[in-house]
Each structure stands twice: as C-alpha cells, then as structure tokens.
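K.L.:
Let the hints inform the model, and build the full structure from the sequences given.
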Amino acid sequence: MNEVEYDSTEVDDDSEVPMSAVSTTHTAPVVVVMGVAGTGKTTVGELLAGRLGVPYAEADAFHPPANIAKMSSGTPLDDADRAPWLDAIGAWAAGRLGHGGVVSCSALKRGYRDRLRAGYPELFFLHLTGERALISRRMEQRRDHFMPTALLDSQFATLEPLQPDECGAVVRVDAGPEAVASRAVDALRSATAARAGCAEPLAHPAP
Numbered sequence: 011m012n013e014v015e016y017d018s019t020e021v022d023d024d025s026e027v028p029m030s031a032v033s034t035t036h037t038a039p040v041v042v043v044m045g046v047a048g049t050g051k052t053t054v055g056e057l058l059a060g061r062l063g064v065p066y067a068e069a070d071a072f073h074p075p076a077n078i079a080k081m082s083s084g085t086p087l088d089d090a091d092r093a094p095w096l097d098a099i100g101a102w103a104a105g106r107l108g109h110g111g112v113v114s115c116s117a118l119k120r121g122y123r124d125r126l127r128a129g130y131p132e133l134f135f136l137h138l139t140g141e142r143a144l145i146s147r148r149m150e151q152r153r154d155h156f157m158p159t160a161l162l163d164s165q166f167a168t169l170e171p172l173q174p175d176e177c178g179a180v181v182r183v184d185a186g187p188e189a190v191a192s193r194a195v196d197a198l199r200s201a202t203a204a205r206a207g208c209a210e211p212l213a214h215p216a217p
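Residue numbers (this note's numbering): 11 to 217.
Please note that the accuracy of each hint is not assured.
Estimated spans, in silico, between C-beta atoms of each pair [said to hold, decoys possible]:
1) F166 x A189: 16 to 26 Å
2) A90 x P187: 12 to 22 Å
3) R147 x G105: 14 to 24 Å
4) L169 x A93: 17 to 27 Å
5) E150 x G186: 29 to 39 Å
6) G186 x P74: 26 to 36 Å
7) T168 x S83: 14 to 24 Å
8) T37 x G84: 16 to 26 Å
9) T52 x F166: 17 to 27 Å
10) R147 x A167: 13 to 23 Å
11) I78 x A167: 18 to 28 Å
12) A189 x A128: 27 to 37 Å
Simulated from the structure, these hints should not be mistaken for laboratory data.
Just so it is clear, the structure is predicted and the values come from calculations on it, not from any experiment.
All residues carry an ideal CB built from backbone N, CA and C; glycine is no exception.
P.N.:
As structure tokens, then:
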C-alpha cells in the first residue's frame, strides 16, 4: 500500500492512490474510521456516513460496562477485554454487507483489524492521524469522554499502521472536520476508481 497523507481537501485525479486493492463491486462500502483517541473518529465518521448516505455506529457503544469502568479508572484494556468488543463491531459491519455503513473504532493493532475483517474481508479502514501535540490538545478540551489524556501514550505505543495488504487509506486531521471528511471521500473515490476502473465515485461530497 502506498500511503499518502492528504494535506488538502483537493486531490488531483492523477495523484498516487493511497490504499491497496478494494472490492470491485459498486455497492456502498463499509468503512472503519480508525486511529488513536482524539483524532475525531466520531465527528468525521458521522460526516462521512452522511455523505455516503449510510448508517453510522459509534464503537464506544459496543463496549461492555466493565471496559468503560476500566478505562475511566485510567487502566488500559487488554486483548481479552477487547475481544468481545471487536466481535460485536465486526458483527455489525458484516450485517451491513451490501448496504454500507461507517463505524468508528480505534483498531490500533493489525490483529484487531484482522478480527474485524473475519466477518467481512473487504472492510475499508480509514486511518485518521495527526501530531501527538495536536491530539493531546484536543483531548484536553474534551469533557464528555472516558479516555484520560494520560492513556494517549499507551495508544501511540500500541498503534500499528496499515500494512500494504490492508484495504484502507491514511488521512491527516490537521484541518476542520468538514475538510477531513472531504479527504475521506476523496480517498474512497480514488480507491474505487483505481480498483474497478469505474467512472462513478463511491460517494458524492455534500453540497
């Protein structure tokens, strides 16, 4: 995968495609918006779902109460904690096959993404990324989330970037939510055109 970090909302038609092969079908995609806390997964995911005209799901809603309590206390989740959470998200994604959907999920490790793909191998992973200082500032401004800023170091240490054989794209978050959502739409359009040679984009930006 040739990863390109989009630095503007404009993407040239001849720009290098920043993802590996995707489905050759023209059905609505199922997208996992991934990344560490504070990158705007929920906001961008909702905007992207709106532009695609598909349902949005928030991964935090799939956490069992024990996981929320653990994170609220400042204790990172282990893989045993994450297993049922990932399975629930994967089941939701598989249920959207042929209909499309967007779900936010940190999906920091390759193994986590493989588990999500178990029920739907063609999931598209949109990795939101940004500088540590930027994301830390955003976290400090949030008052309605149970992820303490102190856990950011743990998340960055855990993060395993998308690999060449994974279907997805990297999008920077050094802009407002609407601009980042536009970058995401461009990434999806480029992926579809590159793989299927189709003239019609997967999604049309909202006016």
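K.L.:
Decide, hint by hint, whether the structure agrees.
P.N.:
How the hints compare with the structure:
1. F166 x A189: 16 to 26 Å: Check passed, 23 Å falls within 16 to 26 Å.
2. A90 x P187: 12 to 22 Å: The hint (12 to 22 Å, Cβ to Cβ) is violated, given that A90 and P187 are roughly 34 Å apart.
3. R147 x G105: 14 to 24 Å: Given a distance of about 37 Å, which is not inside 14 to 24 Å, the answer is violated.
4. L169 x A93: 17 to 27 Å: With Cβ atoms ~19 Å apart, the hint holds.
5. E150 x G186: 29 to 39 Å: Since E150 and G186 have Cβ atoms about 18 Å apart, the given range 29 to 39 Å is violated.
6. G186 x P74: 26 to 36 Å: Since the Cβ atoms of G186 and P74 sit about 34 Å apart, the hinted range of 26 to 36 Å holds.
7. T168 x S83: 14 to 24 Å: For T168 and S83 the Cβ distance comes to about 18 Å; the hint holds.
8. T37 x G84: 16 to 26 Å: violated, 42 Å
9. T52 x F166: 17 to 27 Å: holds, 19 Å
10. R147 x A167: 13 to 23 Å: The hinted range 13 to 23 Å holds for R147 and A167, with Cβ atoms some 19 Å apart.
11. I78 x A167: 18 to 28 Å: Given about 22 Å between the Cβ atoms, the range holds.
12. A189 x A128: 27 to 37 Å: This hint holds: roughly 33 Å between Cβ atoms.
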